[in-house]
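Enquirer: Below, each chain spelled out in residue letters.
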Amino acid sequence: MSIEVRDLRLRFGDVDALDGLSFSLAGGKIYGLLGRNGSGKTSLLSVLAAFRRPTSGEVLINGAEPFENAGVVSQICLIRESGDVYDNERVASVLRAGRQLRRDWDSDYAEKLLERFQLSTKKRVQSLSRGQKSALGIVVGLASRAPLTMFDESYLGMDAPSRYAFYEELLADYTAHPRTFVISTHLIEEVASLFEEVIIIDRGRLVLHEESDALRGRGVTVTGPADVVDTFVASLTVLGQQTLGRTKAATIYGELNDTQVRAAKLAGLELGPVALQDLFVHLTRAEAEGIVR
Amino acid sequence: MFDDRSPIYQQIAEKIKKDILYGDLTADEQVMSTNQYASFYRINPATAAKAFQQLTDDGYLYKRRGIGMFVSPDAQERLRAGRREKFFSDVVRPMVAEARAVGIDLQEIIHHLKEQA
Amino acid sequence: MNVFKHLFSTYRTVYLWFWAVMALFVLAIVLSFVVFGPYIENVMDASVWQGAAGAAPRWFVFVIGIMLATVNLTVVIASGITRRAYFAAVFAFTLATAALFEVASLAGFGVERAGFATQGLTGFLPVDYPLNSWNAAASYTGEAFLALWGFMLSGWAIGLLFYRLRVWYAILLIPVGLGPIIGGGSLPPLIGQGARIVTLTVGLALATALGFLLVRSAPVRPKKA
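Protein chains in written order, with numbering that gives the first Met the number 0: chain A, 0 to 292; chain B, 0 to 116; chain C, 0 to 224.
There's no promise every hint is true.
Each computed SDA-like pair below joins lysine to any residue, with the alpha-carbon atoms no more than 25 Å apart [to be verified]: (1) B:Lys17 <-> B:Gly58; (2) B:Lys62 <-> A:Ala171; (3) A:Lys122 <-> C:Thr12; (4) A:Lys28 <-> A:Gly12; (5) A:Lys111 <-> B:Ser38; (6) A:Lys28 <-> A:Arg178; (7) C:Lys4 <-> C:Thr69; (8) A:Lys121 <-> C:Val13; (9) B:Lys17 <-> A:Pro272; (10) A:Lys28 <-> B:Ser38.
Label-pair distances were calculated between CB atoms; the ranges are [as the list claims (entries may be wrong)]: (11) A:Arg115 <-> C:Arg11: 29 to 39 Å; (12) C:Leu26 <-> A:Pro160: 53 to 63 Å; (13) A:Arg5 <-> B:Glu76: 28 to 38 Å; (14) B:Gly102 <-> A:Ala225: 31 to 41 Å; (15) A:Gly37 <-> C:Ala91: 36 to 46 Å; (16) C:Phe211 <-> A:Leu155: 28 to 38 Å; (17) A:Asn256 <-> B:Asp89: 18 to 28 Å; (18) A:Phe11 <-> B:Arg82: 56 to 66 Å; (19) B:Gly81 <-> A:Leu265: 34 to 44 Å; (20) C:Ala55 <-> A:Glu110: 33 to 43 Å; (21) A:Gly37 <-> B:Asp89: 26 to 36 Å; (22) B:Arg92 <-> A:Arg115: 51 to 61 Å.
Simulated from the structure, these hints should not be mistaken for laboratory data.
Idealized CB from N, CA, C, for every residue including glycine.
Based on the provided sequences and hints, a complete structural model is requested.
Expert: If you want it as structure tokens, here you go:
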């Protein structure tokens with residue numbers, strides 16, 4: 000499902016959780032929503048899922064406002080960290096609720112996923128561990144088969160084997176039943192390869208919307224004598240810099256062309272790659288300091 | 000499996016090319032499908048597809064509708080030709096530079112290579 | 000319809016338990032008459048069921064009403080259901096619950112009366128005993144039904160107040176949601192049935208309207224950790 004967000008604002012008291020956010024997604028892909036804690040990820044997802052009404056601005060899901068729109072919300076599933084299920088009931092009741100309320104619910108698939116994550120239908124939700132609760136959220140999210148499925152930091156407390164099981168199931172089910180996924184996270188390294196595109200937000204604003212794979216190799220570190228580095232990066236987008244004695248390392252955003260690479264080598268500068276997580280840290284910090292907009 | 004220093008699709012393409020070059024994938028052999036690749040390496044299918052697209056565009060793989068992707072008969076030869084061209088610039092020159100830097104005589108290298116061969 | 004079914008299947012078991020306990024209670028009364036004979040001589044208002052059925056189910060559905068707001072609202076809306084559909088389902092579900100409970104409570108009267116009859120004690124039943132005449136049955140059932148429905152909606156509206164608003168606003172607004180309880184619980188001895196029915200109906204309408212207003216734009220907030 001396509002998602003269009005225009006100048007979206009969401010205020011809580013005197014805090015702008017979303018501050019004029021705009022972007023548009025074509026749909027049918029797995030999107031990563033990245034941002035630091037408190038950057039507005041959950042607020043954005045809540046508005047997209049019609050859990051909340053925005054203060055101002057517009058959200059269009061397949062061209063229609065989702066809030067109180069039965070045709071749209073029945074096609075959306077947002078799984079939050081807190082898990083919107085009956086805590087006092089057994090896992091079986093959670094599945095029953097999915098069957099009764101979700102338009103595209105697949106009971107057989109839900110059973111299969113429960114087995115994969117080793118969850119018993121007889122257990123009470125409140126007796127589950129943090130990781131098991133997260134796994135239950137993943138079961139509900141995947142078995143909903145909603146055309147727009149969103150997971151908000153849904154892997155919390157899950158151990159590595161369960162997280163990998165999640166990634167594998169996500170990819171397998173996405174391949175078998177193509178639909179739109181939005182997955183929010185602040186742990187990038189592990190999940191970045193799952194995403195086709197990423198959206199980075201910070202302080203309720205868009206920092207970047209880019210093909211995930213293109214983001215790799217998008218950052219370059221330039222290391223060398225301080226004055227030479229300064230001259231070289233003068234016309235480039237510098238995300239951050241560090242100095243050690245007379246040596247300086249600058250992180251720049253964007254790919255260098257052949258001429259620039261040659262010029263750097265001639266000037267005795269060392270060029271190096273930037274890891275995705277570092278690039279993310281630099282980008283969100285740069286956003287806060289107003290270097291990139 | 001993949002590092003995050005360059006796009007994954009390039010890393011996949013490079014790996015397949017290497018398999019062809021070293022003969023692990025032979026002419027007209029079927030390669031893994033995009034989806035198999037994606038689930039095996041836990042990556043987005045679109046990323047895997049992009050790698051395969053690049054390899055078919057470059058003629059190293061060919062598609063058979065409804066069946067899958069196969070290694071082009073001339074793929075290994077073409078890769079060899081390409082690598083041969085770069086062998087001296089990419090492999091030998093850095094080696095010579097390193098040898099000079101650490102003080103190894105060229106004669107010594109030649110002697111060593113002859114012994115190995 | 001699916002939300003209604005969902006609510007029904009969620010509460011079916013507690014409903015059954017509740018009525019099982021109530022059934023035990025009425026059977027105990029009947030049995031005591033069969034075993035001990037007419038020990039209630041010279042008592043005019045001898046119906047125990049009338050007291051029990053007039054209080055316990057009302058407070059029980061009041062609590063279920065609170066849960067419809069505090070437990071079900073978030074889960075239902077988070078499952079891709081609109082607030083309107085949730086409201087409609089709650090309206091229908093509370094109505095159906097009131098009707099079902101009323102039928103069960105009439106059955107209880109039937110059993111109690113049969114118990115009295117085995118000992119020839121029907122004369123000890125109060126004058127306005129619901130099973131004395133068709134008229135009495137109709138007037139009792141009508142009012143009791145409204146009260147049940149009203150109590151449930153009242154619990155729901157008050158639950159929503161606390162879900163939606165800051166605690167002090169919620170407390171201030173409680174009287175708006177309490178209409179049915181005032182009309183159905185506290186006033187009966189003081190005013191006539193006509194006045195009671197009017198208060199109940201107005202209270203019911205107020206609680207429903209309050210609930211509707213609170214649900215209309217309710218956010219689905221994350222649970223407190």
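Enquirer: For the pair Asn256 of chain A and Asp89 of chain B, does the Cβ-Cβ distance stay inside 18 to 28 Å?
Expert: 20 Å, holds
Enquirer: Just tell me: holds or violated, for the beta carbon distance of Gly81 of chain B and Leu265 of chain A against 34 to 44 Å?
Expert: 27 Å, violated
Enquirer: Can the restraint linking Lys28 of chain A and Arg178 of chain A be considered satisfied, given a maximum Cα separation of 25 Å?
Expert: The given pair, whose Cα atoms are some 7 Å apart, holds under the 25 Å limit.
Enquirer: Could you see if the CB distance from Phe11 of chain A to Arg82 of chain B stays within 56 to 66 Å?
Expert: Hint holds: Cβ distance 60 Å, inside 56 to 66 Å.
Enquirer: Can you let me know if the beta-carbon spacing of Gly102 of chain B and Ala225 of chain A is within 31 to 41 Å?
Expert: 32 Å, holds
Enquirer: Under the criterion that the straight-line Cα-Cα distance not exceed 25 Å, is the pair Lys111 of chain A, Ser38 of chain B satisfied?
Expert: 18 Å, holds
Enquirer: In this structure, is the beta-carbon distance linking Phe211 of chain C and Leu155 of chain A contained in 28 to 38 Å?
Expert: 36 Å, holds
Enquirer: Within 25 Å, alpha carbon to alpha carbon, are Lys62 of chain B and Ala171 of chain A?
Expert: Since the Cα atoms of Lys62 of chain B and Ala171 of chain A sit roughly 23 Å apart, the hinted pair holds (cutoff 25 Å).
Enquirer: Hinted pair, alpha-carbon criterion (25 Å max): Lys17 of chain B, Gly58 of chain B. Please report holds or violated.
Expert: 15 Å, holds
Enquirer: Holds or violated: are the alpha carbons of Lys17 of chain B and Pro272 of chain A at most 25 Å from each other?
Expert: 23 Å, holds
Enquirer: Holds or violated: 53 to 63 Å for the Cβ distance of Leu26 of chain C and Pro160 of chain A?
Expert: 55 Å, holds
Enquirer: Note whether the CB distance of Gly37 of chain A and Asp89 of chain B lies within 26 to 36 Å or breaks it.
Expert: 47 Å, violated
The structure fails hints 4, 13, 19, 21 (numbered hints given earlier, in ascending order).
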